[in-house]
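Peer 1: Residue numbers in the sequence shown follow numbering that gives the first Met the number 0, run continuously in steps of one, and reach 166 at the last position.
It is worth saying that the hints were derived from the structure and are not from the lab. These numbers were taken from a predicted model, which means no experiment stands behind them. Be a bit skeptical, because a hint or two may be false.
Beta-carbon label-pair distances, calculated as ranges [said to hold, decoys possible]:
| no. | residue 1 | residue 2 | range |
| --- | --- | --- | --- |
| 1 | ARG12 | GLU165 | 44 to 52 Å |
| 2 | ARG13 | SER143 | 31 to 39 Å |
| 3 | LEU127 | ASN15 | 50 to 58 Å |
Virtual Cβ for every residue (Gly too), placed ideally from N, Cα, C.
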Amino acid sequence: MKYTSAEAAKLLRRLNEEHETLEAAEQSAGTFIVASGEDVESLRPEYDYEQTQKQLKEIEDKIVTVKHALNVFNSTRKLPGLDITADQALIIMPQLSRRKDRLDTMRRRLPKTRETGIRSGNIIDYCLTNYDPKQAQADFEKTSEELSKLQTALDLFNNTETLEIEF
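All chains should be built: construct the whole structure from the sequences, respecting the hints.
Peer 2: Dropping the structure here:
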């Protein structure tokens with residue numbers, strides 16, 4: 000069956016939720032407490048160990064299939080208008096985000112600020128930037144634009160390009 004990356008990601012999320020739900024049911028029904036003298040069978044929750052394990056394994060196999068198909072797809076298909084694959088974009092985007100955050104801090108600094116703290120005597124300390132904050136501003140804008148372009152290309156890719164997933 001054909002899926003976009005976005006649809007495959009939603010399928011993966013649904014499979015993980017099914018798995019978690021089944022594990023939670025197993026957790027609550029897998030054991031039970033009875034008091035001495037109570038009828039064990041009348042208090043036994045409904046639970047089929049073999050069936051539950053089979054269902055968990057089937058879901059796990061589907062998760063492996065979907066993740067593998069996404070990994071292969073992302074590592075072999077280039078983003079529209081860019082010369083990088085989707086998996087490269089997924090690596091580059093956090094790097095750009097960290098760079099953008101760092102440059103944001105740097106661009107906001109004043110070239111010279113007075114240090115505040117308890118000092119003895121009449122000595123005043125200043126913190127000076129060892130770079131040009133205007134250059135940090137320019138680099139911030141360039142990085143922000145690059146990140147936005149990459150996010151837009153990845154969004155387009157995830158919502159238009161299709162991959163085949165067979166169960």
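Peer 1: Each hint needs a verdict: does it hold in this structure or not?
Peer 2: Do the hints match the structure? See the list:
Distance hint check: the CB atoms of ARG12 and GLU165 are about 20 Å apart, inconsistent with the given range 44 to 52 Å. Distance hint check: the CB atoms of ARG13 and SER143 are about 34 Å apart, consistent with the given range 31 to 39 Å. Separation of LEU127 from ASN15 is about 51 Å and conforms to the stated range, judged on CB atoms against 50 to 58 Å.
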